[in-house]
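Assembling the complex is the task here: the two chains are given apart, and the hints tell you how they should meet.
Chains as they are written, first to last, in the numbering used here: chain D, 1 to 216; chain Z, 1 to 141.
Just so you know, these hints were derived from the structure itself, not from any lab.
Values in this document were obtained by computation on a predicted structure and should not be read as measured data.
One should not assume that every hint holds.
To be verified - Among chain D residues calculated to face chain Z with C-beta under 10 Å, some are:
1. Leu-15
2. Val-81
3. Asn-86
4. Ser-193
5. Gly-202
6. Val-204
All C-beta atoms in this analysis are idealised placements derived from N, C-alpha and C, irrespective of residue type, glycine included.
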Amino acid sequence: MPESLAGFLSIPVLLFLIFALGAVSTAVSCVLTPNPVRSALFLVLNLFCVAILYLLLNAYFLAVVQVIVYAGAIMVLFLFVIMLLNLGSPERIPDQMKWQQPVAVGAGILLAAMLTVTIASSVPSFAPATSLPQTARRTTLDAREPGASQTMDNSAILDDIARRPETMGTPYGIGKNLYNPDKPWLFPFEMVSFLLLVAVIGSVSLAGRQTSEEKA
Amino acid sequence: MPNFRDPSLSVMEPNVLSNSLLNSYIPVLVMGVAAIALAAALIGLNGILGPSRPNPQKLSPYECGVTPIGSARERFPIKFYLIAMLFIVFDIETVFMYPWAVTYIHSGGMMIFNLIEMLLFVGILFVGYYYVWKRGAFEWE
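This is chain Z alone, in the form it adopts within the complex (with noise of 0.2 Å):
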């Protein structure tokens, strides 16, 4: 395809280069804005205009409509943070996974190359995928 043009490289184009980049990144920014304005409004708004008449019934934390039963800061179990803790090795490896996967059409004649390095990284952590797996660490019980 030699005449093929990646529509998102047109920023590339030198007349809008010099901070162009940057400035595709201004929705994100307003968005950003948006979102902080909207739940601010919401919140203040409530302050505001809603009647406030507490009584020890309406201050107590709701559970789901049962009254609630000693102290919400008990201890969790580790299981929570064994998959915390998988998910952010495994989400590291899918981080290292995008730059290669955006370059990979365009590495031309290294492409059995890239394809190997790639499956060394992933088939060294698959070893660590094996043993968590074998030791029931995704087993929840």
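Chain D extracted, bound-state conformation (with noise of 0.2 Å):
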């Protein structure tokens, strides 16, 4: 039917099938390259993928965060740890765990397994994307008049923000849901704070910097 896939390929749909492919070949290719340093570089352009298919999600503050944390910070260190374990080359590595390869076939196919059933069970019949936003959209805003709006004032509109599942996703939504005592996110976000403390207490004791009255 032409009509209906007209209607299923809308333009958010498109960039998903194709950033989809993107995250998917060059994941494959992570794998796959036996250079790790170009296997990092394929991690990068993958996450920058991921990121985008998180913009079309409505989750945009998390986009920016997965690119400036996962594809900035994190792979720098990931390729200090490459160099700092010097892994200039394949073959000086051996494969000293073969078991781990018909393991890992059996996880795989677990993997997919499960994935299959939890897609179909949450899957209830294969839709048309065009029927689901004019359901899924209707919130307090889209009830009121068009030209009702200008005499909402801010907290109203800052209130919806906050509220509705396409803008929860920015900066403004997640502060807004993230540090309200009625929420109950508030206690994992403080209990981040003493996770970090035990990263930062960890590395530096890891690399074994002494202080200056030790050396002394």
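Set out below in structure tokens:
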């Protein structure tokens, strides 16, 4: 049916298909490349593609954080670790865990089966994407008259940003939900600081830098 | 300021609502496509137009005009790893501060509470900062 196909292939769906294909192909290249530095650079491309998938899911802040933290900081760490371990050429790394290969195949089959069951049970029918938004986007702001927005004050709009699923992923929406004592995410946020504290102290003590007193 | 309207909120008007936030990322997409196209064009045109007459001197790696000695694939000091690790940790701290900063001006009666919760977060991380400072991890020698 050409009409339903044209309705299905809207621009966000087309972008999703392009970048999902990009994410899968760069992930496969990342695993298959023998050169570890090239593998890390394919992972950067993969993280960029996943960032765009986050954008398409209305997770705007997460998409930017994905690029800054993962494609930026964590990839720098990966490259430093590769240089630290001096993984120059692949033949220098003997495979000492032959048993991993059959186990990996089994785990992969299990994962594929679980994904298939989960997706098959969560998608009731393969409906065209155009039929979804009209029902999903019905919230308070849509229900108002088109001219009514002039009389709305800022706080009502701001409350709506934090509540609506398509704007919840903006920095404002995340901040309004994360730092709200009425929501359950304030305590986990404070606990993240302890996690980061452990990471700081752990990395410094593992790297073995000495204090100036110890050196003297 | 009762009638103040944040210009960034104008995308929230109902008539342009449905895909407007995503549409505002189209310039980013155009920028990315332009960057890839420019890089591909420059490298591709170099390959097509540039003459290729290699000799051993030209093909050797450039190392500030000095003849290269040994392999470039040497083990790097662990200092680099340490700096990258500390960068990640404080990068993530900044990531959490950003949505807090955006919402703080609109927190109304919760301003003191929101300030204290962020001070708690930064304060716990400051313990780590102090520890790193005292261990001399910021020193490069």
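Checked hints:
Interface hint at D/Leu-15: satisfied, since its Cβ lies 8 Å from the closest Cβ of chain Z, which is below the 10 Å cut-off. Among the interface hints, the one on D/Val-81 holds; its C-beta lies about 6 Å from the nearest C-beta in chain Z, closer than the 10 Å criterion. Against a cut-off of 10 Å between C-beta atoms, the interface hint on D/Asn-86 holds, since the closest Cβ of chain Z lies about 4 Å away. Contact between D/Ser-193 and chain Z, as hinted, is supported at the beta carbon level, the nearest pair being about 4 Å apart and thus within 10 Å.
At a threshold of 10 Å, the smallest CB-CB gap from D/Gly-202 to chain Z is about 9 Å, leaving the interface hint in force. Residue-level restraint check for D/Val-204 holds (minimum Cβ-Cβ distance to chain Z is 5 Å; threshold 10 Å).
Hint compliance for this structure: every hint is met.
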